[in-house]
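Asker: Assemble the complex: chain A is given as a structure, and chain B must be docked to it using the hints.
Protein chains in written order, with my numbering: chain A, 1 to 456; chain B, 457 to 833.
No lab work stands behind these hints, which were simulated from the structure alone. It is possible that part of the hints are untrue.
Not the full set, but computed from the structure, chain B residues with beta-carbon under 8 Å of chain A [as the list claims (entries may be wrong)]:
{"id": "1", "residue": "Leu511"}
{"id": "2", "residue": "Ile556"}
{"id": "3", "residue": "Thr569"}
{"id": "4", "residue": "Asn582"}
To list a few chain A residues with every Cβ distance to chain B over 10 Å, as calculated [what the hints assert, rightly or not]:
{"id": "5", "residue": "Ala43"}
{"id": "6", "residue": "Leu161"}
{"id": "7", "residue": "Pro400"}
For clarity, every value in this text was computed on a predicted model and none was experimentally measured. Cβ coordinates follow ideal geometry from the N, Cα and C atoms, glycine included.
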Amino acid sequence: MSSIDYTQELSVVEGRPPLRSIDDIISKPLDTKPDKKFYIALAITLTMLTIGGLGLAASFYWGTGLWGNNNPVGWGFPIVNFVFWIGIGHAGTLISAILFLFRQKWRTGIARFAEGMTIFAVITAMIFPIIHTGRPWLAAVYLLPYPNQHSLWVNFTSPLLWDVFAVSTYFTVSFVFWYIGLIPDLATLRDRTTSKIKKIIYSITSLGWRHSNRHWQNYELTYLILAGFATPLVLSVHTIVSFDFAVAILPGWHTTIFPPYFVAGAVFSGFAMVQNVLIFIRKIFNYEHIITKDTLEKMNKVILLTGMMVGYAYSMEFFIAWYSGVQPEVFAFMNRAFGDYAWAYWIMFTCNVFIPQLFWFKKIRRSIPIMFVIAVFVNVVMWFERFVITVTSLSRDYLPSSWAYFKPTLTDASLLTGSFGLFFTLVLLFTKSLPVISIAEVKAVVDGSQPTHEDH
Amino acid sequence: MSEKIYSYTALFDTPNDIIHAAKVVSEKGYTKFDVNTPYPVHGMDGAMKLPTSKLGFVTLFAGLGGAALALLTMGWMMGIDYPIVIGGKPYFPLPAFIPITFEITVLLATLVTVASLLFFFFKLPNNKHPLHDTNYMKNVSSDKYGISIEAKDPKFNIEEIKSLFESLHASVIEPVYYDEEELNFKPKIADPKFLGFLAAVAIFVSLSVYLHMNKVLYMVPFSWMDEQEKTIAQESSDFFDNGSGMLTPVEGTVARGFIPYAFKNKPEKAGKLLVNPLLPTKENLELGKNKFNIYCSPCHGYLAEGDSRLKGSFPNPPSLHSQKVRNWSDGRIYHVIVEGQNVMPSYSYQLSIEERWAVINYIRVLQRSLNAKETDL
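Bound-form chain A, shown alone (with noise of 0.2 Å):
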């Protein structure tokens, strides 16, 4: 028997640290300038982002042709980065607002950094749907309805538009929600900053909170309606992403599966970037107490939960491809078992399906290095997934004559590149110019924070 006491909550911060030294220890890497390492591995990122820049150059002079993209792969690379990066962000608003709305309290020492991460995310993932569309710098003409002298509107019924509207909704809510959060330690960090110039930066964004509770009453409630949108509109952003795909005629895209399959693809590729990060953020910047061993636990689990969803949406899609009897459906699944991709797909199988299941031992779950291997393979992984699902069935549609092979170019592995880049650099500056941790919230749940009401 376990000796636990379940009547007392679990403390979510180790070891009980005075106010003042979380202020101190979340604001000390704005305080220091930064090391070496933070330069290596900034020159890092940077070269990476060089490198797609210069792929992306190429592709804007030379246009699209540079890229693997053939006839009936029509969606290539851009598409596959597209939804890898959306999912990814999905794991910030999901540790922000679901975990907020259940009330898990250890979601305090992680949501603001994956909030950020939600953000860079989605900017990475902006840019590939935007210059898949040949001319980018004609895609607002494409992509919004303005009143024009064709008198003509956007198409309000397709998917590809949906996404217009889900991402920037997605983007645009995640940034005020984020921002929100912001306010108060920016002001915490106006009252103990002793630089000149960072002060008028943080007065004007800390917009002169007071910390008032007047306002913290308000404050609360919004950030309360904030994360009960942040939750239906997370699922809605992949759900609308899935339909790119589901509503499309297409044999192993037309399945009603896909937009659950896809939330929880994204909430398992998510959790498990979010989780690659931390471990650097906890370890460099010496959070180890606020950011524990029992947080990663638990968004492991995470991983472990929605890793056999996603396992049940593959075996399942097969079960159905049978059951149905549509032929060209059954087509599409032999194929991506046993066809051109099939090393593809098995890699995705393999590696989403199987090694997340090593997480139901708690010896696992708790070593760090062990669980950093994992989710960097769900990671890789889930890029072959979607990988998977646009190319195979793509290569394959109805008319044998226009059957090819997809094969990427290096201009596309360049932008796969330069998307990295973009995002590690944005998580880097960030490190180093916002509190990754969100001071008041991580306060309000240090032990002895909360007034007991002993007189009652």
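Answerer: Just chain B now, kept in the frame of chain A:
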């Protein structure tokens, strides 16, 4: 530092103390007081006797407004302003509108809630508040819990408040004063700096949109799609022997449905032999009216009276109500449509055979309307 007092403040070390202090202060009947804490302290709203927040209503109406706006806009654009049948669905396909309606609802509800929270409920941004840059603010934003009773409170009395705070075991008790700048500060929208900033933004945005749409898009490489290595009609080309990019049909080729006109240069014969195959039914007259208004009315006028809308550019044609034209047979008018007359060119490319006869039927209706017989009345 002026001597005008803004409030009297006390700092406490634990959350239990501040809850107790807030309760006592509100029970003593103070109303203009505030509690400042580094994070929201549970139970403080009750201790301060704050009314429930009204913010939820803002969200509700903004959300409903967003949903209505999205549905009506999409319905108007796709069903009324430019109706197109897409995938055989109705002009108002509600299921297909749901995703965007949802997104706009969330977007508007969020933005309006946050904007009204910050600018209306909190009256932020406000960096000129007297509490800023005080020792009190520096403590409550980190690890202390403060309570501040404003001088505006009707029960404000320095001695009483001081002894009250002392009896509550406050760790620090101090007054907060206005400084000159804060006393004279009045937020104003018509600040020339702010207006100048707005004007600069407006000019910048207009200029960059203008440059983007009118200059950048016509620069290399953005203009490369305009210059394509294909031959368009009327262009010369080395590919064919005749040096033209466009080929002429093989001799003797007849277009589908082409019937050669048998009465070339023989108006009298045409008038005698050609017979109108169309009956003046409602459909035929509708067709004739439509085509007449498009092709004939610019010169002949909507009522065929010769009141040209192109007066000055072209000579006026005679009225079609003249005795001469009224006496012409349908075939004779048909000949004019096919061959033209004086400055009038041939309309055989614009009007199909059926349409020509329909136009003639309509002309007859117009003629009859100005020269009605007694039996028509």
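Asker: Look at each hint and say if it fits the structure.
Answerer: Each hint, compared with the structure:
1. Of the supplied interface hints, the one on B:Leu511 holds, with its beta-carbon coming within about 5 Å of a beta-carbon of chain A, less than 8 Å.
2. Hint on B:Ile556 holds. Least Cβ distance to chain A is approximately 5 Å, under the 8 Å limit.
3. At its closest, the beta carbon of B:Thr569 sits 6 Å from a beta carbon of chain A; the interface hint therefore holds under the 8 Å criterion.
4. Taking 8 Å as the C-beta contact cut-off toward chain A, the hint placing B:Asn582 at the interface holds, the least distance being around 4 Å.
5. No Cβ of chain B approaches the Cβ of A:Ala43 within 10 Å, the least distance being about 31 Å, so the stated non-interface status holds.
6. At the 10 Å boundary, the C-beta of A:Leu161 falls inside the reach of chain B, the nearest C-beta of that chain being 7 Å off.
7. With a least beta-carbon separation of about 26 Å from chain B, A:Pro400 lies farther than 10 Å from that chain, consistent with its non-interface assignment.
When held up to the earlier numbered hints, the structure conflicts with hint 6 and nothing else.
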